[in-house]
Structures are given as C-alpha cells and as structure tokens.
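Put together the whole structure using the sequences plus the hints.
There are 2 protein chains.
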Amino acid sequence: MQSLPIGRAFTLIEPGPVVLVATNDGRNDNVMTITWTMVLDFSASFAITTGPWNHSYAALEQTRECVIAVPTVDLIDTAVGIGTCSGKDTDKFARFGLTRAKAKHVRAPLIRECIANIECRVTDIVERHGIVVLEGVAAYLDAARKERRTIHAVGDGTFVVDGRRLDRRDMMRAKLPAGL
Amino acid sequence: MQSLPIGRAFTLIEPGPVVLVATNDGRNDNVMTITWTMVLDFSASFAITTGPWNHSYAALEQTRECVIAVPTVDLIDTAVGIGTCSGKDTDKFARFGLTRAKAKHVRAPLIRECIANIECRVTDIVERHGIVVLEGVAAYLDAARKERRTIHAVGDGTFVVDGRRLDRRDMMRAKLPAGL
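Read top to bottom, the protein sequences are chains A and B. Residue numbering for the first sequence follows numbering that gives the first Met the number 0, starting at 0 and increasing by one per position. Residue numbering for the second sequence follows numbering that gives the first Met the number 0, starting at 0 and increasing by one per position.
Take the hints with a grain of salt, since some may be wrong.
What the hints assert, rightly or not - Straight-line distance between alpha carbons at most 25 Å, and here's what the computed BS3-like set of lysine-lysine pairs gives:
1. Lys174/A / Lys87/B
2. Lys87/A / Lys101/A
3. Lys87/A / Lys87/B
4. Lys101/B / Lys87/B
These are computed hints drawn from the structure, not numbers from a lab.
Below you can see the structure in the form of structure tokens.
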C-alpha cells in the first residue's frame, strides 16, 4: 500500500462504492459494510449514514475515529458477509480472514485486502439523520493490485460492478480542484 | 415513465450514480448535476451536498422541493455540460434539449430523457455541512428504455460506467426491507 495524497481521497468515495468501516473500541477491532456514503467537500470530508443498530456505532461515537477501506469485486462475498453478521458476537477479522495493517493516526486497523484505505476522524455526528461526518487524515492505495473494479450496492441484494471508464477531464477542467 | 413504488426509490440512489437535480424558483426551471448523494433510510430519505455557490441552492432553500433525475451513460455529455455552466445566465433545459414532464407533487419538472425521476421535498438543511435532506414523494422509471447503465463520477473528470450486475439476494435476504 502506498500513500495517496489526502486531497485525492474523495475520488475513492465519490463513485459510490461499497466500503468497509473498521473501528477499534479500545479492546477489539470490528468492521461493518456501509453503502450509504457521500463526499462533503474536496478536503477529505465524508459522510456515512449509520446508527445505534450497528454494533460499530458505539466505537465510532466513543473513539471518534475509523478506517474506511474500499473492497474490489473479488471481495463481494466478504463485504456481504460482513454486512450480514454482527461484531457483537463475531470476530469478523478472523471469520473473513482479513489481514490488518497498523494505521498511523488512528487505532482502527487498515485492511490489506482492500484496494484503498482512508484513516478518518469523526468530526461531527448529525444525530437526527444518523449522519457521521468523517475527515480523512491519511490515505493509501494498493497500486499494484490487478483487480481494481469496485462494487456498487443497489440496495435490493444486487450489486453493480464497475464497467469501463470515460474521460471528460477536458470538459471539466475549470471545475476540478487544482492538482487533480 | 411508469410509477415506481416510493419504497424502491432508494435503489435508484444507493449505487451512487450521477444525478440531475431540477428546481423551479417560481419563474424558471433550472437543473444542476450532483455527484455527492447518499441514501438516509429505507423510507425514501436522501441527502445531497450543495451550497450557495450553486445557483439552484436558492430555489431548493426557498421552494423546499426538487426532482432528482437519473441519467444513463448516453447522457454523460449532457450531465457534464449541465455541471459546467450556471442557471444564472443559461436556460439549461433549452441549451441541452431536455424534455420536461409535469410532476404531481412539486413544481420542478421531471426530465423525460432520464431513466428515473424522483419528486422530492426538502425536509431539512444541515447548513454547517451543506447537506440538503430530501424526502421522495413519488418516483418514476422508464422501464422501456434500452440503455440502463448509469454513470459514477470519480471526481477527477473521469466517470465509471455500470458494468455487470451480481445477485446476492439470497445472502442478504434477512437484511433487506420487506417487499424488495
């Protein structure tokens, strides 16, 4: 995993991939699958929607940090599996054979099997909507990985895999943040 | 366009497609391209991130309503074009040859060229994050349309087109809302 400039971290979330959110509650690591995410600005602010019904929520609320990891299509059954059991009674890292790497700024682990990881701090929780606001503080990309296609949850139990990429950089030049 | 049960509207937004947001400020229709969206619940609540720098924001704030329309890949240059000019000085419906249809519950128009449209009310604005919370009140799908692939903005001027669809409904049955 190589370092990715934090100013590019939003490009990992903007396409709308399924993500894994890793937490550490002071004793145990846990991970949940989240498909409700949104970029908030070009300075690595993101929102996820969750709530007390998720076991990870208490850790997010108390530790104010997490790692967002982006799985590719080869991990679809891992992502679905993580989303259909609870950290309350399951060590998901063991059950799904995930390899942890140490993060720099947060206690939650990076996930080596994922193509990208973002270390995040919780900067706000909008409780009335279950919106957790995150700020990315470090990002990593596994640039050597061959499988790069992420997955998009439809919400009905089906998922759409990335297809081809279209380039409209020339049309959008004036609207893009500098350096992209 | 045929009616889509409002309980399924979140499946239009959850995969993370680029969307068009149509408004009417009492005099003129306008439309903007938004790539920062998020589902908030299974009852057709969505969030979009925007702010006063977008001409449409004043109409959203004042009229408390809009239409979210979902374009497919054949409309990518329309979506990018809409996102790179302003309703302040441009009649975007004329410029991009968009066909309006009358909505039932809101004054903003539906867009016939899009595969799906959701009539929405603004239920909240979280000003400190630029988050506009919407509630879908009616949804429509153009089921006869052959091109159904939506587009996902990466944020750097490139876009990922939908690829193939994977079915994990059996694995997820217990987690899906009833009736999906």
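Holds or violated: Lys101/B to Lys87/B, with C-alpha atoms at most 25 Å apart: Distance of about 23 Å is within 25 Å: holds.
Given the hinted pair Lys87/A and Lys87/B, is their Cα-Cα distance within 25 Å? 52 Å, violated
Check whether the Cα positions of Lys87/A and Lys101/A lie no farther apart than 25 Å. Holds - the C-alpha atoms of Lys101/A and Lys87/A are around 23 Å apart, at most 25 Å.
Is the hinted pair Lys174/A and Lys87/B satisfied, with a Cα-Cα distance of at most 25 Å? Judged against 25 Å, a Cα distance of about 16 Å means the pair holds.
This entry does not satisfy hint 3, going by the numbered hints stated previously; all others are met.
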